[in-house]
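Asks: The chain contents come next:
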Amino acid sequence: GIQVEQSPPDLILQEGANSTLRCNFSDSVNNLQWFHQNPWGQLINLFYIPSGTKQNGRLSATTVATERYSLLYISSSQTTDSGVYFCAVPINWGLNGGSQGNLIFGKGTKLSVKP
Amino acid sequence: DGGITQSPKYLFRKEGQNVTLSCEQNLNHDAMYWYRQDPGQGLRLIYYSQIVNDFQKGDIAEGYSVSREKKESFPLTVTSAQKNPTAFYLCASSIGLARTGELFFGEGSRLTVL
Numbered sequence: 001g002i003q004v005e006q007s008p009p010d011l012i013l014q015e016g017a018n019s020t021l022r023c024n025f026s027d028s029v030n031n032l033q034w035f036h037q038n039p040w041g042q043l044i045n046l047f048y049i050p051s052g053t054k055q056n057g058r059l060s061a062t063t064v065a066t067e068r069y070s071l072l073y074i075s076s077s078q079t080t081d082s083g084v085y086f087c088a089v090p091i092n093w094g095l096n097g098g099s100q101g102n103l104i105f106g107k108g109t110k111l112s113v114k115p
Numbered sequence: 001d002g003g004i005t006q007s008p009k010y011l012f013r014k015e016g017q018n019v020t021l022s023c024e025q026n027l028n029h030d031a032m033y034w035y036r037q038d039p040g041q042g043l044r045l046i047y048y049s050q051i052v053n054d055f056q057k058g059d060i061a062e063g064y065s066v067s068r069e070k071k072e073s074f075p076l077t078v079t080s081a082q083k084n085p086t087a088f089y090l091c092a093s094s095i096g097l098a099r100t101g102e103l104f105f106g107e108g109s110r111l112t113v114l
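Which chain is which? The protein sequence lines are A and B, in order. Those letters in the first sequence? Residues 1 to 115, per the working numbering, in order. Those letters in the second sequence? Residues 1 to 114, per the working numbering, in order.
No lab work stands behind these hints: they were computed from the structure. It cannot be assumed that every hint is accurate.
[What the hints assert, rightly or not] One-sided and incomplete, this derived list gives chain A residues near chain B with beta-carbon spacing under 10 Å: (1) Gln6; (2) Ser7; (3) Ser28; (4) Asn31; (5) Gly41; (6) Leu43; (7) Thr66; (8) Arg68; (9) Tyr69; (10) Val84; (11) Ala88; (12) Gly106.
Predicted, not measured: the structure shown is a model, and the values here were computed from it. Positions of the beta carbon are idealized from the N, C-alpha and C atoms, including for glycine.
Bound-form chain A, shown alone (with noise of 0.2 Å):
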């Protein structure tokens, strides 16, 4: 099955530091998520980028998917960016039309902003 790698694994940065982090997937996918896990749990959408590059604040996104991967860029990082960023894409994608929202997770990079 497809694969995703994400990395780095860690990131330690300081307040304002600016950031890329990359995800890698080993089959064309033709949809692509990035999530951030906040210190509680909880899943937060930050980009739906199958293709191209998308801008949101300080955060924004490019996948190049004939090349297999994905970048999310984070600008004048902040505390509140701590966290761990999952990418994910989906699982069967084509195959008898499965469902596009099985997504298989990279394990994710964990990122702490120190103020």
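Position chain B relative to chain A; hints supplied.
Replies: The following block gives chain B in isolation, referenced to the frame of chain A:
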């Protein structure tokens, strides 16, 4: 406000007892999902349902059961057959099969088996 509500947020149970976790959504989404998360890990799919009265096994369905009697509700039962039930359980929903796979999550239920 529209969203996904999971209850309870925290649950303690003795070994050998069945436990049912509730998930309700008012987003009018067709598809609903249950994921399990273990410490330091990503999420793994337990069950999903694309339509009322129908559901499919995910990667780790053994020891779990679900029902989908109403569009807005998708409860998960963790049975005594589940060998390692202590985990964080997340319910999610999406509009439906082919239109979009964008997933939205509830706040989760943390189950501890003593």
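Asks: Of the hints stated earlier, which fail here?
Replies: 2, 3, 7, 8, 9
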